[in-house]
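J.: Assemble chain B onto chain A, guided by the hints.
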Amino acid sequence: MASDKVKHISDADFAAVISSAQPCLVDFWAPWCGPCKALGPVIDEVADHFAGKAVIAKMNVDDNPVTPGKFGIRAIPTMILFKNGQLINQITGATAKAQIIDLVNKAL
Amino acid sequence: MAKTHYQLIILGGGPAGLTAGLYAARARLDHLLIEKGATGGQVLNTHWIDNYPGFPEGISGFDLMEKMAAQAKRFEMNSIMNDAVKVELPEKAAKIIHLDDGSRLTCDSLIICTGAHANNAGVPGEDRFLGKGVSYCGTCDGPFFRNLDVAVIGGGNTAVQEAEYLTKFARKVILIHRRDSLRAAKVVQEKALANPNIEFIWNSRVTAICGDKEVEAVEVTATDGQVSRRPVQGVFVFIGITPNNAGLPLDRLRADVGGFIPVDTECRTCVPGVMAAGDICAKKVRQIVNACGEGAVAVLSAESYLATLEHTS
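Chains as they are written, first to last, in the numbering used here: chain A, 1 to 108; chain B, 1 to 313.
Rather than coming from a laboratory, the hints here were simulated on the basis of the structure. Note that this is a predicted model, so its numbers are computed, not measured. Among these hints, one or two may not hold up.
[Stated by the list, open to error] Only pairs whose alpha carbons sit at most 25 Å apart, straight line, appear in this in silico SDA-like list of lysine to any residue:
{"hint": "1", "chain 1": "A", "residue 1": "Lys5", "chain 2": "A", "residue 2": "Asn60"}
{"hint": "2", "chain 1": "A", "residue 1": "Lys37", "chain 2": "B", "residue 2": "Lys283"}
{"hint": "3", "chain 1": "A", "residue 1": "Lys5", "chain 2": "A", "residue 2": "Ala107"}
{"hint": "4", "chain 1": "B", "residue 1": "Lys3", "chain 2": "B", "residue 2": "Lys67"}
{"hint": "5", "chain 1": "B", "residue 1": "Lys67", "chain 2": "B", "residue 2": "Val289"}
{"hint": "6", "chain 1": "B", "residue 1": "Lys172", "chain 2": "B", "residue 2": "Ile198"}
{"hint": "7", "chain 1": "B", "residue 1": "Lys67", "chain 2": "B", "residue 2": "Lys86"}
{"hint": "8", "chain 1": "A", "residue 1": "Lys106", "chain 2": "A", "residue 2": "Trp32"}
{"hint": "9", "chain 1": "B", "residue 1": "Lys213", "chain 2": "B", "residue 2": "Trp202"}
{"hint": "10", "chain 1": "B", "residue 1": "Lys86", "chain 2": "A", "residue 2": "Ala98"}
{"hint": "11", "chain 1": "A", "residue 1": "Lys37", "chain 2": "B", "residue 2": "Gly258"}
{"hint": "12", "chain 1": "A", "residue 1": "Lys53", "chain 2": "A", "residue 2": "Trp32"}
{"hint": "13", "chain 1": "A", "residue 1": "Lys70", "chain 2": "B", "residue 2": "Lys284"}
{"hint": "14", "chain 1": "B", "residue 1": "Lys3", "chain 2": "A", "residue 2": "Lys53"}
{"hint": "15", "chain 1": "B", "residue 1": "Lys186", "chain 2": "B", "residue 2": "Val285"}
{"hint": "16", "chain 1": "A", "residue 1": "Lys37", "chain 2": "B", "residue 2": "Gly240"}
{"hint": "17", "chain 1": "B", "residue 1": "Lys168", "chain 2": "A", "residue 2": "His8"}
{"hint": "18", "chain 1": "B", "residue 1": "Lys186", "chain 2": "B", "residue 2": "Val257"}
{"hint": "19", "chain 1": "B", "residue 1": "Lys3", "chain 2": "A", "residue 2": "Glu45"}
{"hint": "20", "chain 1": "B", "residue 1": "Lys213", "chain 2": "A", "residue 2": "Gly93"}
{"hint": "21", "chain 1": "B", "residue 1": "Lys172", "chain 2": "A", "residue 2": "Lys53"}
{"hint": "22", "chain 1": "B", "residue 1": "Lys168", "chain 2": "B", "residue 2": "Asp63"}
{"hint": "23", "chain 1": "A", "residue 1": "Lys70", "chain 2": "A", "residue 2": "Val6"}
{"hint": "24", "chain 1": "B", "residue 1": "Lys284", "chain 2": "B", "residue 2": "Arg205"}
{"hint": "25", "chain 1": "B", "residue 1": "Lys67", "chain 2": "A", "residue 2": "Ala2"}
{"hint": "26", "chain 1": "A", "residue 1": "Lys106", "chain 2": "B", "residue 2": "Val85"}
{"hint": "27", "chain 1": "B", "residue 1": "Lys67", "chain 2": "A", "residue 2": "Pro65"}
{"hint": "28", "chain 1": "B", "residue 1": "Lys283", "chain 2": "B", "residue 2": "Gly258"}
{"hint": "29", "chain 1": "B", "residue 1": "Lys67", "chain 2": "A", "residue 2": "Lys106"}
{"hint": "30", "chain 1": "A", "residue 1": "Lys53", "chain 2": "B", "residue 2": "Met81"}
{"hint": "31", "chain 1": "A", "residue 1": "Lys53", "chain 2": "B", "residue 2": "Gly37"}
[To be verified] In silico negatives: residues of chain A with every beta carbon more than 10 Å from chain B:
{"hint": "32", "residue": "Ser3"}
{"hint": "33", "residue": "Gln22"}
{"hint": "34", "residue": "Asn60"}
{"hint": "35", "residue": "Asn84"}
{"hint": "36", "residue": "Asn105"}
{"hint": "37", "residue": "Leu108"}
Virtual Cβ for every residue (Gly too), placed ideally from N, Cα, C.
Chain A extracted, bound-state conformation (with noise of 0.2 Å):
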């Protein structure tokens, strides 16, 4: 089931999203790439696991082109963490759960 968790967002509202004071974790996707699609899940359970103690955000490479080109993504699934609008660390791939919950940890 998809989680309600998951924050879907925009190049519009990137800047302010990311702003947050929590740690704010942006999956960068697209329907077009099966890993992204796998991810899915993944990404719904660690929104689940971070309820109310960090953000999770989703962001459709195809509809939205300013935000990932200013972050040079070149390959998706592309999942880059902020903190206060700081860029903190960024896995590129499909990733298990586990690893992404501790990189969240990290910064919370």
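T.: Positioned in the frame of chain A, the structure of chain B alone reads:
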């Protein structure tokens, strides 16, 4: 307390694992399939599949795997999303699976379908530019290279098919292969060799991936020692696979030098009650269609093994 013992545990949810799940569910075995992400395996990286029978127009990798999962779910395949970090195969007692959340499951029989993942080229610059021009999935990342030039490393089916696919986006695709001919299926070769947007560089290896913040060029070294530099903005690596065997007792399973697990024609490993299916097996042909076949065979072998346990207990 949550259930911790099963008659059968299946590790991995690619084509072999999902077929095993389907057969186990239909056999009403007390089973559990463990997959670390969502189901699908390497097939998810494949844009289009033309060699899986039953789909005359072909099918996308994602759709095929979604259908396989849905079919297994229709018969109530039991699955969880978790990472099996360690497998123990004691001589007499039940097989033990350690999960990444620290919990432990046991089973009477085990089917290993953990598959494989793409090899790295192992050249300078590869790690540094991962996600910044270096990619292992044309389907995923091709659209980021619209009107740019990219290099493809490899000469097998995946490499040639992906090179062809990348010409939809890239201005030019340079395929760099260490031999003087391709290993890909003839029909795949013919299409690629006739494509004016693919340039072939034979008898050569990529020896470095260069750039500042993003990929800007590859260094190509020919068999005769000549070194050249080709400007590209992307590098796609398709040079074989490495088995996903972390946490498996490789000595006990008598894994080969590459880390693949030998099985007999019934998909049995040398450990009683432990089967393997799909790309993790030591074998020559790694296609979706035989992975599925092995998944089915492995469950039938598991059933035979479980029947012997009932007789002796």
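J.: Where does the structure disagree with the numbered hints, that is, which hint numbers, in rising order?
T.: The structure conflicts with hints 2, 4, 7, 8, 9, 11, 12, 13, 14, 17, 18, 21, 27 and 29, although it agrees with all the remaining ones.
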